[in-house]
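Asker: With chain A held as given, fit chain B onto it using these hints.
So the sequences go chain by chain: A and B. For what it's worth, full-length UniProt numbering labels the leading residue of the first sequence as 1, then goes sequentially. For what it's worth, full-length UniProt numbering labels the leading residue of the second sequence as 1, then goes sequentially.
These are calculated hints, taken from the structure and not from any lab test. Be aware that a few hints might be false.
Copies of one chain are not kept apart here, so a pair can be met inside one copy or by any two copies together.
No more than 25 Å apart at the CA atoms, straight line, and that leaves these computed lysine to any residue pairs for SDA-like [stated by the list, open to error]:
no.	residue 1	residue 2
1	K187	R214
2	K335	I502
3	K455	F191
4	K172	L522
5	K335	N367
6	K353	F414
7	K410	R360
8	K491	A386
9	K410	S44
Here is how the chains run, residue by residue.
Number of protein chains: 2
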Amino acid sequence: MSVKARALYSFQSVNEEEISFLEDEELLVLDENPVDGWLKGENSQGQRGLVPASYVEIIRPRSNSNLTDSSLSPASSPVEDEDPRRRGRANGHALQSSYTNSNARYHPKLHLERHDSVSSSRKGSMVGRNLNRFSSFVRSGVEAFVLGDVPMMAKIAESYTIEMGPWGPQWKESPQPFSCSIEDPTKQTKFKGIKTYISYRVTPSHTAQPVYRRYKHFHWLYNRLLHKFTVISVPHLPEKQATGRFEEDFIEKRKRRLILWMDHMTSHPVLSQYEGFEHFLMCANDKQWKLGKRRAEKEELVGAHFMLTFQIPSEHQDLQDVEERVDSFKAFAKKMDDSVLQLTHVASELVRKHLGGFRREFQRLGNAFQSISQAFTLDPPYCSDALNTAISHTGRTYENIGEMFAEQPKDDLFHMLDTLSLYQGLLDNFPDIIHLQKGAFAKVKESQRMCDEGKMEQEEADGVRKRCRTVGFALHAEMNHFHRRREVNFKEMMQAYLQQQIAFYQRVVQQLERTLHMYDNL
Amino acid sequence: MSVKARALYSFQSVNEEEISFLEDEELLVLDENPVDGWLKGENSQGQRGLVPASYVEIIRPRSNSNLTDSSLSPASSPVEDEDPRRRGRANGHALQSSYTNSNARYHPKLHLERHDSVSSSRKGSMVGRNLNRFSSFVRSGVEAFVLGDVPMMAKIAESYTIEMGPWGPQWKESPQPFSCSIEDPTKQTKFKGIKTYISYRVTPSHTAQPVYRRYKHFHWLYNRLLHKFTVISVPHLPEKQATGRFEEDFIEKRKRRLILWMDHMTSHPVLSQYEGFEHFLMCANDKQWKLGKRRAEKEELVGAHFMLTFQIPSEHQDLQDVEERVDSFKAFAKKMDDSVLQLTHVASELVRKHLGGFRREFQRLGNAFQSISQAFTLDPPYCSDALNTAISHTGRTYENIGEMFAEQPKDDLFHMLDTLSLYQGLLDNFPDIIHLQKGAFAKVKESQRMCDEGKMEQEEADGVRKRCRTVGFALHAEMNHFHRRREVNFKEMMQAYLQQQIAFYQRVVQQLERTLHMYDNL
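Just chain A, with the same shape it has in the complex (with noise of 0.2 Å):
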């Protein structure tokens, strides 16, 4: 049975199986229930062809969810977690959102890789295997853990409640909730000053002991977290250098970033329990520090295994609901990685602004005013000292004003871009993690499909609706987390900027009221 659906992002195919389309395309899809993540569809040219499911929305003409008729695709053999997840725009792409681009990300080596799959060998579950090994329901080894193929353990040294809070499941807070200063970032050298790097000041407040991190220390962790967690939008490390930027303003912004990527990394329950990162954070012994770096690399409750850690509530959980709620943050997400961008956008052309335009016009209106009191000065007879004084101390404010606008970025703008952009790349992330419950959402409904049709044992079909659930309640206390963090962000953000405002405009009130002041006796 067809069903309309409108594309939420733009989609370029790159082989003949795939169809092209636009964002907002309406298109029709010919069985609703995706394989693999993919959705038979036609578009809007009427070219029939495989469609990405996450790109599209139902458009739902109530009351229908009767499972119908699907072919199974050739299963793939998993593949290796072996990459970071994020792509494309992480460094020095702050302006361009993956909720437009998203198709970028997957593609490029999906073209080559894609047909040796499909001739792989079946094995494991009796479900089919995504085709594309580049998923991230795949990749992240979600596929794997849902369907059964991840082995529990025979000891989980870590373990992550997720709880039920009142806006539904949620993280249990950490036992030991800290937070973490970064400060002072120094220059230091090594190899007798042939190589020369910044060193930050990182305290934690559990500890009060410091240590001293590089960036590529803040790389490093980065990685790892990359590689252990799923379902968790880890933020973004703030960019490598851009050329041509002055240094000290670099610095000084990598180290804001920096403040806001641990103020996120703290504030997570599970994030801010990581072994990886306790090492990072306490370990001040160089000896030390390569012994708990290589025991981090060599951890194995990462990626596929990291979901046998989670403690999940016994409430049932109504896969319809959870899906609706994900549809929900989907849209959500999207608009809120449009209007971030939208607002980086004008904050950053502001910022030009400030240190342009705004500047360069007071600046002018100052230059103009004492150009007048010069002439006023030429016929001596006449020359109203007191008058002149006023007019060219006027021009004179007009150009601090004008200087004010420039250095005022650094009070609120600043702030303003660095959290947007923490924003930028923990929405980056959804578009990921939404696929993987989108896609063990699709396992369970294969194998009850297959259970019902007798290829498949009923227990192995609830083993599947099983570790799905996992995977349900593990975004769901990820989506709120991001709402909670959001919420006090936001609101810290949007709090610093207006009293920043107030305060700059006052300054320049009082400036041109000392001023109107020298006219006052003439």
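Answerer: Then chain B, alone, in the frame of chain A:
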């Protein structure tokens, strides 16, 4: 004896007798005594020819004042004072300085009509008349006056006294000073609605009786003023309507500028006492109006004859001192004209920015905040209404601040531009007025030399010297009046601007403070 000189303005020769030069070019003046307002000179390219004396400034190496030989040029007949002094930039060229382009004002006609004037016959005084019948010196009748060609009249109905004040000669205050309001521009119709025009209510303070006047009445008065008054800087009327302007804005602007024009008129001891002006301010009867107009148009004490109406002080007047004062004023007026032009440019550009860039930036910021707030409502369980309301309100606040920026020029920059426009007009007149004094001074030197050479009676030379005193005192009084007015007007302009700017930024602060409070109890 040749001396060095610096070009105050660029000059483009229009025939082969003249040489071209650029502003600030160094010239060699072969004889520093101008003949009919022209000097013989050599430009930096070695070309020799005539140079307009008022365009250059002699670079004095200290101590040289002996008069040397100069050839007399053929005299031309006096020319009827037929025309307004205003040229070129008066209407619609508000941003062009007459000081840097003043050559453009004399030459278009000069080129065609000069040769026939060369052949015209000598008459009257022994002293040569000006070659250039379009120089203000000739046009205004001041040459004729100085040379004694204007016979004393039987009865002089008017009389204007120049007295010695703290800064030298000044116009004696009018015995009945008054001000005059211009209000309530109203659309009127005529010929059963076929023709529409704007009528202004004009109320002089000393009669308190309103009369109703159209722009064409102002224009009639203005032409009378130009016709009658020499040595006095008649304020330019506000420009005629430029095409494509919003009618209401234009009417408002014309009203504001007519008010400033009127303020200058009533502030001026000579202009304010003009009979035609009195007629304009008081006549409320149609028949009387026509009679009074005809009387004013037939008046004899205009141009050269107007010079007969001055009562001058008996104080000694040193011609050299007058010349130095005039040179000093000339340098001042040029610099003031430049800086008024500069401030006009800057202020006009600021208006454009307020209406365009500034408004747009703030509105974009407002839109982006609104967009963030909309995104936050999309995932209902987490929609944090109070925060969203606050962010959305912040968005509206910035949209509103954008509108405030767009409205603000009406409160500050427009008034500044109005004042600057008045001063552009007043300054525009001074090169011609200064030229009168230069011409008169040249005649004094010339007649004295002729006298020394036995070619002229001492009595005749004394007459020229005596009449030149009148020109000198009148110019001095007018310079003095200009300085006193500019002190009043520029003080008022600067204070009003600063007051409005302070009020504006205070309103911005209030808006932001109110908005900030919305985040208080979240």
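Asker: Run every hint past the structure and note whether it holds.
Answerer: Results of checking the hints against the structure:
no.: 1; hint: K187 to R214; in the structure: within (10 Å within a copy, 75 Å between copies)
no.: 2; hint: K335 to I502; in the structure: neither (29 Å within a copy, 39 Å between copies)
no.: 3; hint: K455 to F191; in the structure: neither (66 Å within a copy, 98 Å between copies)
no.: 4; hint: K172 to L522; in the structure: between (71 Å within a copy, 24 Å between copies)
no.: 5; hint: K335 to N367; in the structure: between (45 Å within a copy, 14 Å between copies)
no.: 6; hint: K353 to F414; in the structure: both (13 Å within a copy, 24 Å between copies)
no.: 7; hint: K410 to R360; in the structure: both (18 Å within a copy, 22 Å between copies)
no.: 8; hint: K491 to A386; in the structure: between (49 Å within a copy, 10 Å between copies)
no.: 9; hint: K410 to S44; in the structure: neither (48 Å within a copy, 53 Å between copies)
Hint check: violations occur at hints 2, 3, 9; the rest are consistent with the structure.
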